[in-house]
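What follows is each chain in one-letter form.
Protein chains: 4
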Amino acid sequence: MSHSRTVEIEGHIIDSGTMQRCFGAVMDLGGSFDVEQFDVGTHEEAESYCRMAVSAESPETLQAILHELHQNGAVLEDPSDVELVTAPADKVVPPDFYSTTNHPTEVLYDGEWIDVERIEMDCALIVDPEGGPDGGPRAYTKVLNAVEEGDLVATDQSGIRVNPPERPRSGGGAFGFMQGGVSSERPSESTIREVAEELREVTEADGNVMVVAGPAVIHSGAGDALAELVEAGYVDSLSAGNGFATHDLERSLYGTSLGMDVETLEHPRKGHKHHIWTISEIIRAGGIEAAVEDGIVTEGVMYQCVKNDVDTVLAGSIRDDGPLPDTITDAVEAQDAIREQAHDADIVLMLATLLHSVAVGNCLPSTTKTVCVDINPATVTQLLDRGSAQAVGMVTDIGTFVPTLAEFVLEGEDGGIAVADGDGHPHAEEE
Amino acid sequence: MSHSRTVEIEGHIIDSGTMQRCFGAVMDLGGSFDVEQFDVGTHEEAESYCRMAVSAESPETLQAILHELHQNGAVLEDPSDVELVTAPADKVVPPDFYSTTNHPTEVLYDGEWIDVERIEMDCALIVDPEGGPDGGPRAYTKVLNAVEEGDLVATDQSGIRVNPPERPRSGGGAFGFMQGGVSSERPSESTIREVAEELREVTEADGNVMVVAGPAVIHSGAGDALAELVEAGYVDSLSAGNGFATHDLERSLYGTSLGMDVETLEHPRKGHKHHIWTISEIIRAGGIEAAVEDGIVTEGVMYQCVKNDVDTVLAGSIRDDGPLPDTITDAVEAQDAIREQAHDADIVLMLATLLHSVAVGNCLPSTTKTVCVDINPATVTQLLDRGSAQAVGMVTDIGTFVPTLAEFVLEGEDGGIAVADGDGHPHAEEE
Amino acid sequence: MSHSRTVEIEGHIIDSGTMQRCFGAVMDLGGSFDVEQFDVGTHEEAESYCRMAVSAESPETLQAILHELHQNGAVLEDPSDVELVTAPADKVVPPDFYSTTNHPTEVLYDGEWIDVERIEMDCALIVDPEGGPDGGPRAYTKVLNAVEEGDLVATDQSGIRVNPPERPRSGGGAFGFMQGGVSSERPSESTIREVAEELREVTEADGNVMVVAGPAVIHSGAGDALAELVEAGYVDSLSAGNGFATHDLERSLYGTSLGMDVETLEHPRKGHKHHIWTISEIIRAGGIEAAVEDGIVTEGVMYQCVKNDVDTVLAGSIRDDGPLPDTITDAVEAQDAIREQAHDADIVLMLATLLHSVAVGNCLPSTTKTVCVDINPATVTQLLDRGSAQAVGMVTDIGTFVPTLAEFVLEGEDGGIAVADGDGHPHAEEE
Amino acid sequence: MSHSRTVEIEGHIIDSGTMQRCFGAVMDLGGSFDVEQFDVGTHEEAESYCRMAVSAESPETLQAILHELHQNGAVLEDPSDVELVTAPADKVVPPDFYSTTNHPTEVLYDGEWIDVERIEMDCALIVDPEGGPDGGPRAYTKVLNAVEEGDLVATDQSGIRVNPPERPRSGGGAFGFMQGGVSSERPSESTIREVAEELREVTEADGNVMVVAGPAVIHSGAGDALAELVEAGYVDSLSAGNGFATHDLERSLYGTSLGMDVETLEHPRKGHKHHIWTISEIIRAGGIEAAVEDGIVTEGVMYQCVKNDVDTVLAGSIRDDGPLPDTITDAVEAQDAIREQAHDADIVLMLATLLHSVAVGNCLPSTTKTVCVDINPATVTQLLDRGSAQAVGMVTDIGTFVPTLAEFVLEGEDGGIAVADGDGHPHAEEE
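Residue numbers (full-length UniProt numbering), protein chains in the order written: chain F, 1 to 431; chain W, 1 to 431; chain G, 1 to 431; chain X, 1 to 431.
Here chain F stands alone, though its shape is the one from the complex (with noise of 0.2 Å):
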């Protein structure tokens, strides 16, 4: 085989499973390697170093080789500065530009390894030489639709690194590490505690807890739950969509989510207009905010978001009814503050919704917790797939999922009862 690079790995890379993804990269691609070096980490805490050629019948394949080792932190033994190219017109960038995993990267530029900020899969990496702090080079990601002309786009991976998450040094408990497989079978009570125990140490260390709804958390009788959760402060940012703010409007005004009472399973037939009636009425008074104001809105989890200022973004879908006047009706307006929030977030507690649970995914770094809640496994599957690091999936009754965990977080571990203080922050009542 003629055409040839050498390339070089090193970290946790056997136990990681980085090893075993380039080795097989290369023998399922049809190419050859040759290990040149390999230092193997002697014990759980040393790392390890892999140098090897790798040989390919044409040239092709050994791009698409050294493609794939690069996805998974490979670099060449000898890289080069980043490659960049100008886009030649707004959102138009140039052929074969680089396109970014979720993974944190770093880009070569001048002869030095720069950390590319906002990283997000499936973006065009920007370098602006001076756009640094201190007129230093800065990197960043830029969504294709936000690409301006001029922008000095990556377009070759050579001067590029990737560093996939490696296996955590210890066990890690519900977050697993990449494990993907969901099982319905899995111990239920136990694995929501040690959410509610990670819930509790992020918000406690003042990090961001963002939780991503859907419809049936209101409609399976769960928006008490979440209410309370945000009333005690453990949540900072709230991404939905229209459906799921309705619903639980319509508790407020009604006492029903889509027509049914949901404590009393009574009268289910009364009320199937009070899904658009509630919609009316928010248009009438000019928005959520000025309904909670009005005394129209009185309880629910949109209630606690406005009295809490949660950071709240409703997104629009074709399948809404209305809308109402608080969600943003435009997809790519909306993704942009789904990112803001995403960015921000410590901890993502997604909660039966397949697509903002996608939309968020989108745009999360792989280093970021994830909680995926759902009954339907494919649902749960599909969103762990993304590829973050450290993630547990639930295949699960939303409507049971969520009181339990916030009863779990609010009981908190000495018993007393977890409340926010001033500054947002919970702590356990004095008794």
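Please note that a few of the clues may not be correct.
Note that identical chains are pooled: a pair holds if it fits in a single copy or bridges any two copies.
Straight line, CA to CA, 30 Å or less: simulated DSS-like cross-link-like pairs of lysine-lysine [claimed, not checked]:
#: 1; residue 1: Lys273; residue 2: Lys142
#: 2; residue 1: Lys142; residue 2: Lys91
#: 3; residue 1: Lys142; residue 2: Lys307
#: 4; residue 1: Lys273; residue 2: Lys307
#: 5; residue 1: Lys91; residue 2: Lys307
#: 6; residue 1: Lys91; residue 2: Lys273
These aren't lab readings, by the way, just hints derived from the structure by calculation.
Small disclaimer: the values here were computed from a predicted structure and weren't measured.
Given chain F, put chains W, G and X in place with the hints provided.
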């Protein structure tokens, strides 16, 4: 259309959907009807009566229509005595024998309508002319493999009357009237609360609660809650398989279920041999009861069943390991045991098992209340499809359903803790 | 019960289940009824008539019952003209405005029943006293966000008559009458054959076939078959999303779908950037039509849609990459475009997309034939739940459904190959 | 950490994931490792070798780690002969007996590594010191209920070596290497084509094709296609249940499956008694073979199995009607019959049955190729989870899968029609 017969239908036949199904059957099968008399019940307690002539082009089509009408409760205007043919050999029924529905049924014998005992679907209907308590006739069902040479087997529907369930005169709460529809977005806690109340009512009325449980009950961590319900006297019979019992016993012996610590989630790998070791321990002890007596098994569902004299059937299956000495490996023998349990039950809880639930459902009359819980909507749909008149299906995680149910049952309405008194019936504990 | 009103119901009200639902509604809601007259249609073509007094303890309960009866086609014995209130501002409807069903509807205006145009669920019902073709009154629906200041909006149901779909007088083949039930064990090829025949019939009668398609159509390898149907003239409008179009275009540009070679399964890793590169190529070309004209896109569904002038709507979503320049990113604008497609359709094929199918279903009257195909039973159930009178749901793999459907459609009954002639209608090719 | 042992691991241990799992096991269980030697295979054909010392705080933890490493193919640096204990009674194994994996296994006996015959998971490992062909030692597995008093049962893993499957050196097409992942969006026809080719190759090489089939195969209309495969010589053994056989026989006797005409969909109501009548007809005939010989059964899968001497096992279950006289009702007896089929199989097709597939899977070594097809992703996932090295899972409709598979198998590559010649092997028919 030259072939015609006249039938009568009576009862709450409009609001129970009977007339819709009857008219529909005639039209679907290409016949025509001529309503000769229709007395509509003028208020909700008044029954209706319909007499109509049904015609078809061919005797075969007419027969098919009459068969369908029969299943929905219609009887010929001029019914004759049931036709009986002697079974020629053991397990062999006459050709075109009458195969039962699961609805309450009567046969016209010697000019009198007599009730068919032990009604169950897909059975032969046997009449014993002198088998009644007073030497009069008796009618009952037999599964095919129980038919004996000489049995008098019904072969024609004209002397048989089926009484499909009618819509209850009031709303009905969780237990809907053949609604069939199963949604994964239904409210959870409120429905569970209604099931809990039903369980309490049945038990307080000295009724019989049957639990059908799959291994996921244990593996999801719900075993303790089910054991509590058994201990408190809310379970009269348990129908399960070798896997359920083994998982439960493994928890008592090793604290794991299929090797995973259900509480802590830690060290999931340590114990994947516990399953098979558990079976060999019970074999060595000579069975579950012996293992309980020897102090080898000290907690769990099977332990409580032994201690509380719960009627337990463990039915074998080709996927079993072992099996345990208590497992009935012959399917026909196991069915006979399950049949006895099913006929005694006033309410059946089907928890996360399709196989055992179908086996039980096959033996149940349509009048027995049924609760089906599974995380797979297809399982719940299939179980509710079997025509139970009062059934509730829940698509939810069994690992949260059973603990929540137990909590609601045990807390009762007055806040007291319900426990079993000497005669096995629960009462609220005095405080 | 001191509060009472008399209503009339007529039509095939027994075999369509109308009376069952009406009697059930009264009982469920705690009222009582007194049937004053009931003329039962004595044969299958004869309609029935019912007049009954309905009573309830409170005016609220009576109102709830009457509302339910109204939805099922009942009218007050003494209906008055529809009550109209002027919309106070754009997008603002009067309180308690009448919200439409998706069934054919009439309003009583100036003593005459007039048909409501463009019927669609959850809309306001507008009457324009002089908007008719002859200067007479006209009634039509408007979604909330289209309501304009000054519109005359209906607010009371008493002058409105709903006509829920009735059971067809014959069997109906694949297109059952609101059966709702969805089974994954239904025969496949024979049902697909019936759908194919329906498609041929609609097209031959110059009807309108609307296809709603999700990305799985392309990813599962069914794109070629759908493109063939478009090319042969069997698709009049296509409603899809940015993802569907991008997958399809990626196949034309790179031979892959989300990077996987749909034919060979080989080298699945090579192309996971093709998706985003495809979008940037189309942006560069200025849109799909331009890319087809420039010879960049040379095959596939989108190519055939451009070439065959198929009315195509690509609706944006927050999970989109890019998006393509052709994608309508504003949800309200996209809904309006989808609404036009839906109102023109005679039959709608919903292929492996929940989001777009729900959006289309929201705009469809209950009389439009609908075929829903998805591998997830929950998706099919949800779509069929929307009350289409003639709908068929299939839980099956879209990757085999579409090719099989195309084969059956294109082979026709005489074995010839059907292709589109000049006017866009297919004919059997001469051999 | 004061407790320590040294182990060796060799083979393609990096790209097969073995080292990742071994390092992970040590860390997950709280131990530590010290790599003493690691020779990395420098190219894809070269094997690697690792010797490492493993330490833990307690002997129990060390034991747990060693157990896990053992399962992944590690052996102690200084292995001793396998420890054998005599079984004290029939069906009773010694405490802590060695329970087998489904991977190829060797035992060290008298200083020599000998292969374990009939490898299967969760079995006892028996050594017969003089049972070999030359009077030497022989090792084999026994399920618990087959253990006899006096058997020499292995109790310690130190003299046992497990050989987990290694990554094939080439890509592998449809049959991926323990990928596990199951997607409902995978391409369908191309994967089916690869399975078809595999089936042809196995059959042409005189290999053994085992089909495991559920009732949905018949009910979905795929019975004819399966019967064709049997007739053409592509099926060597069939493992199914009473339900599958009854549905298939009902089609031959009445043209229906559970009463529904699989071809026309017409008159679905007419025949819901056919199922039970079919069983009684076969009972009357004395069994399936007798019914074929008597001309009662004239087509279908069971007919072809009788005519083509296919090794058929019908295993009973508690949900069976009847059962048929051919059904083995005792679960242990049925397992023994299934075990013989499974051990003979070179490739296993699992078609739309969880119960029978799990039963078969329990008996399969990890080296047998397996194809699982079901419309429920959870079923496919569960079956692939059992550790088959080369498995393909497809979430698709069995009603289109089997006909498509049969078409691809029977058309062959040269376009000829393949049929079985005298010796049961298919050949292309001469034209």
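To see whether the hints hold, each was checked on the structure:
no.: 1; hint: Lys273 / Lys142; verdict: between (43 Å within a copy, 16 Å between copies)
no.: 2; hint: Lys142 / Lys91; verdict: within (10 Å within a copy, 36 Å between copies)
no.: 3; hint: Lys142 / Lys307; verdict: neither (34 Å within a copy, 34 Å between copies)
no.: 4; hint: Lys273 / Lys307; verdict: within (28 Å within a copy, 44 Å between copies)
no.: 5; hint: Lys91 / Lys307; verdict: between (39 Å within a copy, 27 Å between copies)
no.: 6; hint: Lys91 / Lys273; verdict: between (43 Å within a copy, 17 Å between copies)
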